[in-house]
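Chains as they are written, first to last, in this note's numbering: chain U, 1 to 474; chain A, 1 to 323; chain H, 1 to 348.
Calculated from the structure, these hints are not laboratory results. Certain hints may be false.
What the hints assert, rightly or not - Computed spacing ranges between beta-carbons, pair by pair: (1) U:Glu192 - A:Lys39: 20 to 28 Å; (2) A:Ser122 - H:Phe268: 55 to 63 Å; (3) H:Pro75 - A:Glu181: 45 to 53 Å; (4) H:Ala334 - A:Glu242: 18 to 26 Å; (5) U:Pro66 - A:Glu280: 35 to 43 Å; (6) A:Ser122 - U:Asp37: 55 to 63 Å; (7) U:Pro66 - A:Ser122: 34 to 42 Å; (8) A:Ser122 - H:His201: 26 to 34 Å; (9) A:Gly192 - H:Pro53: 47 to 55 Å; (10) H:Pro324 - U:Lys250: 56 to 64 Å; (11) H:Ala334 - A:Pro190: 52 to 60 Å; (12) H:Gly217 - A:Glu242: 49 to 57 Å.
Said to hold, decoys possible - Calculated pairs, DMTMM-like style, for lysine to aspartate or glutamate (alpha carbon to alpha carbon, straight line, at most 20 Å): (13) H:Lys348 - A:Glu199; (14) H:Lys348 - H:Glu18; (15) H:Lys348 - A:Glu17; (16) A:Lys220 - A:Glu199.
Every residue gets a Cβ at the ideal spot worked out from N, C-alpha and C, and that includes glycine.
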Amino acid sequence: MATQTAVDVVMPQMGVSVSEGTITKWLKAEGETIASDESLLEISTDKVDTEIPSPASGVLTQILVPEGETVEVGTKLAVISPEGGGEPVDEPPELATQEAAEESADASGAEGETRAAEKVEDAPAPPSPEPAETPAPAAPPEADGDGGGQVRAFVSPVVARIASEHGIDVGQIEGSGRGGRVTKKDILAFVEQGGAKTPAPEAPPAPAEPAAPQTPAEQPAQAVAAAQPPTGEVEPGAGETVEPMTPMRKGIAEHMRRSLDTSAHVTTTFEVDLSKVVAIRQKLKREYEERHGVKLTYLAFVARATLDAIAKWPWMNAEIRGESIVTKSYVNLGIAVALEGGKGLIVPVVKHAEEKNLLGLARAIQEIADRARNKKLMPDDVQGGTFTITNPGGFGAIHGTPIISQPQVAILDVEAMVKRPVVVQDDAGADVIAIRPMMNLCLAYDHRLIDGAYAAQFMRDLRSNLETWDESSY
Amino acid sequence: MAVKTYLQAISDALRDEMRRDKRVFVIGEDVGVYGGAFKVTKDFQQEFGPWRVIDAPLSETAIVGGCTGAAIMGMRPVAEMQFADFISCAWDQLVTVAAKQHYRAGTPVPIVVRLPSGGGFSGGPFHSQNPESSFAHIPGLKIACPATPADAKGLLLSAIEDPNPVLYFEHKHLYRRIKDEVPDERYTIPFGEARIHREGDDVTLVTWGAMVYTADEAAKQLEGELSVEIIDLRTIAPWDRETVLESVAKTSKALVLHEDTQTAGFGAEIMATIMEEAFEDLDAPVKRVTAPDTPVPFAPPLEKWFLPQVEDVVAGLKDLAEY
Amino acid sequence: MAIAREAEPVSSIKETKEAGLDREDLLGIYRNLILTRGIEERGHILYKQGKIPGSFYTGRGNEAAAVGVATAMRPEDVGTPLHRDMGVHVVRGVEPWRMFAQFMGRVDGPTRGRDGNVHMADDRLGLIAMVSHLPAMLPVAVGAALAFRIRDEKRVAIGWFGEGASARGDTHESMNMAGVRRLPVVFICDNNQWAYSTPTHLEFACETIADRAQAYGFDGVVVDGTDVLAVYREAKRAIEKAREGGGPTLIECLTLRMEGHAVHDDAFYVPKEMFEEWAKRDPLERFRTWLRDNADFTDEEEGEISEQVKKLLNDAIRKADESPLPEPEGEVDAVYATPEELETPHHK
Chain U
1 MATQTAVDVV
11 MPQMGVSVSE
21 GTITKWLKAE
31 GETIASDESL
41 LEISTDKVDT
51 EIPSPASGVL
61 TQILVPEGET
71 VEVGTKLAVI
81 SPEGGGEPVD
91 EPPELATQEA
101 AEESADASGA
111 EGETRAAEKV
121 EDAPAPPSPE
131 PAETPAPAAP
141 PEADGDGGGQ
151 VRAFVSPVVA
161 RIASEHGIDV
171 GQIEGSGRGG
181 RVTKKDILAF
191 VEQGGAKTPA
201 PEAPPAPAEP
211 AAPQTPAEQP
221 AQAVAAAQPP
231 TGEVEPGAGE
241 TVEPMTPMRK
251 GIAEHMRRSL
261 DTSAHVTTTF
271 EVDLSKVVAI
281 RQKLKREYEE
291 RHGVKLTYLA
301 FVARATLDAI
311 AKWPWMNAEI
321 RGESIVTKSY
331 VNLGIAVALE
341 GGKGLIVPVV
351 KHAEEKNLLG
361 LARAIQEIAD
371 RARNKKLMPD
381 DVQGGTFTIT
391 NPGGFGAIHG
401 TPIISQPQVA
411 ILDVEAMVKR
421 PVVVQDDAGA
431 DVIAIRPMMN
441 LCLAYDHRLI
451 DGAYAAQFMR
461 DLRSNLETWD
471 ESSY
Chain A
1 MAVKTYLQAI
11 SDALRDEMRR
21 DKRVFVIGED
31 VGVYGGAFKV
41 TKDFQQEFGP
51 WRVIDAPLSE
61 TAIVGGCTGA
71 AIMGMRPVAE
81 MQFADFISCA
91 WDQLVTVAAK
101 QHYRAGTPVP
111 IVVRLPSGGG
121 FSGGPFHSQN
131 PESSFAHIPG
141 LKIACPATPA
151 DAKGLLLSAI
161 EDPNPVLYFE
171 HKHLYRRIKD
181 EVPDERYTIP
191 FGEARIHREG
201 DDVTLVTWGA
211 MVYTADEAAK
221 QLEGELSVEI
231 IDLRTIAPWD
241 RETVLESVAK
251 TSKALVLHED
261 TQTAGFGAEI
271 MATIMEEAFE
281 DLDAPVKRVT
291 APDTPVPFAP
301 PLEKWFLPQV
311 EDVVAGLKDL
321 AEY
Chain H
1 MAIAREAEPV
11 SSIKETKEAG
21 LDREDLLGIY
31 RNLILTRGIE
41 ERGHILYKQG
51 KIPGSFYTGR
61 GNEAAAVGVA
71 TAMRPEDVGT
81 PLHRDMGVHV
91 VRGVEPWRMF
101 AQFMGRVDGP
111 TRGRDGNVHM
121 ADDRLGLIAM
131 VSHLPAMLPV
141 AVGAALAFRI
151 RDEKRVAIGW
161 FGEGASARGD
171 THESMNMAGV
181 RRLPVVFICD
191 NNQWAYSTPT
201 HLEFACETIA
211 DRAQAYGFDG
221 VVVDGTDVLA
231 VYREAKRAIE
241 KAREGGGPTL
251 IECLTLRMEG
261 HAVHDDAFYV
271 PKEMFEEWAK
281 RDPLERFRTW
291 LRDNADFTDE
301 EEGEISEQVK
311 KLLNDAIRKA
321 DESPLPEPEG
331 EVDAVYATPE
341 ELETPHHK
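In isolation and in its complexed conformation, chain U is listed as follows:
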């Protein structure tokens, strides 16, 4: 639909804890026309790399944030104007500001997270009426620069200094500068109005509890990580090259380390005979492909069998929250997808996977994997996983010790299917050696919650589901 008025493109909230995103590529140049939903730019966040579709049809009249720049969620990135509509609209429509404010109130923003972390330890308390008098020194200018305000923009040296002198969070101030930047005049007016002494009424401080439903345990650790200062520049030695980590790589690094620090990882491995699954797949493959356009993979069988096993062993789908065990009636099944060239790893989530039959699951896995590889994932696609399957077997791996995706408690590693000589019983009950398609399944589980026996029984049932596949059930 062609826009009648100028529409702002803002940095989307790619996940509850995501506070900023990096513009990796503009797919359109200023002056080009664009259709609604046509890809406009690519962004990279610590959660996901994705293309952003245009919110409207029209002309891309202004690009406000260049490639390579990292801006806070809600920052105005571009303006789409009506075709032939003449001058670009400079002022952001109120709507954009409002949205940004709302999003920021969503416990996002680096500072918001930091505060959340502090508040989790302390008893939730009403915000101090006089921040200027709290003993904690004002945040240094750099921190202010990342402050979760409304539309975030560069904090100039003089604004940082004044903010520091008066103990002001720049994020509280409405900016009148370019891109909503808080100017010296803005902050001086704020001081003059006594802003330094009382928080601005329209800008409530970050809530004591994060608004996100499923990630309270995640918040503190992540906030700590976010609060760490960036490491300094690295000088390459002889024969070395140095490149900065992408936001995604930093996210993965932080998450993996944190998971190992959080969960008591134990891995158990089961051998599964897939003879029956192979036969069924052989039978259904063509039909799936031709009638449904779905590739039937072994992964889909494993996923389906896993969901059935989870139904019997619900802690596999649980979460430790504080000192409580939270189990869920639904399974949001994460499927780890490696991006080409080792660029990273995304875990899109099949929501309510337990409701899907083999066909539905196969389709859902295929769609979400495609979206991940084509950078079409929506923020929601990567959130809320309750159990994860990773599939290095596709590359030939036969054993692994995967790391749990927090705050989950288990992850299943699907290894390569290989033909092996195995001892089986013939019809007469005698032992014979047969060639069977065998697959190892490795389960890493969090021993804080799940004991070895529980895990082994889960795995036993999973194996059984696969070896005695009941075609009629699906």
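With chain U's structure known, arrange chains A and H on it following the hints.
Okay, now just chains A and H, sitting in the frame of chain U:
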């Protein structure tokens, strides 16, 4: 107090000083009988004779070197380059000899070299330049760039009194275009003291020479919208860092404007100083409006493109205002 | 066929008297020649001992040219001597220990360590410090002469240059302006035949540098630069002519640079025969012989001067060596002169 053109102010000041101080003499190409290419020394030779108003051969090196020798012998020479552009021919005498003599040998070299500079009249690549930044880089030289008739007088007298080599840039475009009151009595204006041409609160505009008027026009156009403080540096070696930094502390935004080309122009030095000394006062990146990095073109549309125009300054100021 | 006049040698004590020199003056010239060479020889040794940083230049072979011209100057005259003209500093009265301090970069050198080797001058002695861009000093000498002319003072400026420097435009502009204005300046060309490694025929195409004078409207003369008395007599004539309003003269002192361009240069490019031939015309030996032949110069007198100079040099080096190396204090302030520095009778 009399109203004089910029040119008349220079001419009168020089004549008065020659009457007052017998050590002062002028030397240059066509300064005597002809009275100088721009008539700054018109009728001087009738009054002071051919040995104090010396028509020199076409020898910039010998003119400036000769001034150095005469100055060391106790004279107060005032050389005229017919155009500032020709100073390149005397580079060695200024930079190698005059500028370094005091540091090396403790010998003061009180000379003044007058340099009619600047463009705006299709003078082309060799009659339009503003080469002050080349010399601002040389320790031992002083540089004045007056913008008003009153400053032209006071700075010229300071230059003559100064015990060091002084390059006195007089902007050709101002010669007859700018008229203003000039005090009758003898006075000097110290080097390194800027003049607040216009007070303002929102943006500091640092400039000198003819660009003071371009800046002024731009500030007038923005009146009511933006309050611009214009600082006329008056001398760029030494230059008044304190006044600039004080103003930036007030406005937190600065634009440097000069007619010279951009790269390594003196504006770069001013910007660097603001970054170093006033970083925490800044609310926007310091901005430059200068000529592009080309020789000065001849044809009017090309020269107009080359010279910073009022609209360029307005755009620069607006950009800072909106930042 | 050269255009410039060739100077005659001075053949008798009678001629020297006519030129204004009595016997004491002659012994003084001898002493200045010995001292000039002594300073440079001792400097050469100090350089090789590592006591002098940078480069070191000598004027061996040019002593007579420098001493001869400087002896012809009056105290009120001024000049811009170059790096082969140590004799000028000696004659004008610069104390040898200050020169050694200069060579060694000490605070008591005339430039306080801010510049090296012969880049120095005591302006109270009427000398202006040279720069490395050698012909650049000629316009300055012309300017000094211009000041004398404007003020109608009976003073003369001497501008030195080498045959290499003759190739540059400053030389032309200076001589042209001096000729046009008939200024009281005398141009002295130290033609030592080698500009670093470049021989004269690659520097100029006329037969002598002095030939050029005619083109500028004044006299040129070539003099044997190893003959101190001949140099003196020509310089005296030229200086006094200038003083009386007769305009400039160009004197070309023909010598051979008897060492490399600087200590680091072994001058391999100079033919051995050339050195051998000019060694026979060593200016000190020549003058000693002349004194013995014409002025009853005795062994005792020679020994006495030799001892005096030796002691002077020893004391000078010791004193210079006691002078400290400079600290970088007040360097930035030293770049510009203060108004107080013009509060001198000279500048009033």
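Results of checking the hints against the structure:
no.	hint	in the structure
1	U:Glu192 - A:Lys39: 20 to 28 Å	violated (57 Å)
2	A:Ser122 - H:Phe268: 55 to 63 Å	holds (57 Å)
3	H:Pro75 - A:Glu181: 45 to 53 Å	holds (51 Å)
4	H:Ala334 - A:Glu242: 18 to 26 Å	holds (23 Å)
5	U:Pro66 - A:Glu280: 35 to 43 Å	violated (26 Å)
6	A:Ser122 - U:Asp37: 55 to 63 Å	holds (56 Å)
7	U:Pro66 - A:Ser122: 34 to 42 Å	holds (40 Å)
8	A:Ser122 - H:His201: 26 to 34 Å	violated (48 Å)
9	A:Gly192 - H:Pro53: 47 to 55 Å	violated (36 Å)
10	H:Pro324 - U:Lys250: 56 to 64 Å	holds (58 Å)
11	H:Ala334 - A:Pro190: 52 to 60 Å	violated (21 Å)
12	H:Gly217 - A:Glu242: 49 to 57 Å	holds (54 Å)
13	H:Lys348 - A:Glu199	violated (42 Å)
14	H:Lys348 - H:Glu18	violated (38 Å)
15	H:Lys348 - A:Glu17	holds (15 Å)
16	A:Lys220 - A:Glu199	holds (12 Å)
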